[in-house]
Every structure is written in structure tokens, then in C-alpha cells.
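K.L.:
At the far end of the sequence shown sits residue 98, using the numbering used here, and the numbering has no gaps.
Because the hints were derived from the structure by calculation, they are not lab data.
Possibly wrong hints are sitting among the right ones.
Using C-beta positions, here's what the derived DEER-type ranges look like [to be verified]:
id, residue 1, residue 2, range
1, ASN80, THR53, 35 to 43 Å
2, LEU60, TYR84, 21 to 29 Å
3, THR78, PRO48, 39 to 47 Å
4, ARG77, LEU98, 26 to 34 Å
5, PHE56, LYS87, 14 to 22 Å
We put the beta carbon where it would ideally sit given N, CA and C, even for glycine.
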Amino acid sequence: MAAGNLVRPEQAPSQLPGAHKTLRFKTKLGKKQKQNRTLPYWARLRTGNRIRYNAKRRHWRRTKLKL
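Using the sequences plus the hints, can you model the full thing?
P.N.:
Next comes the structure, spelled out in C-alpha cells:
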């Protein structure tokens with residue numbers, strides 16, 4: 032492996048190559064992935080249909096995470 036391909040720990044996670052992610056960065060991505068879901072049906076029933084959708088829903092291509 033060439034010396035230029037090694038990952039330096041001082042690099043920011045957004046500058047890391049695709050497969051090289053730190054544990055902290057992966058946990059943040061996992062949390063965002065869990066948050067990015069539809070509203071449960073029982074929540075619509077409980078609120079009397081006042082809350083109909085998840086306003087913070089994110090599309091992977093349109094809206095990027097600021098991590």
C-alpha cells in the first residue's frame with residue numbers, strides 16, 4: 032500500500048475515504064439513520080391526526096448531513 036493512501040487520524044470524518052470511518056462517526060450516522068423514518072401509525076392515532084408526517088425526514092441525495 033502506498034504511503035499516500037494511509038488514513039491520518041487528524042483528518043476530519045467528512046474528509047476520510049469512503050470505507051474508513053471512526054467509531055464516533057459511525058454511531059452518529061447510525062443515529063441519523065434511525066431518526067430518518069416515517070411517523071408510526073399509533074402516533075397519528077394518539078395525536079388525533081394533528082401530526083401527520085415526520086417534518087425532519089431527510090432524503091439521502093437532496094439533503095446532506097452537516098457532520
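K.L.:
List in ascending order the numbers of the hints, as given earlier, that are violated by the structure.
P.N.:
none
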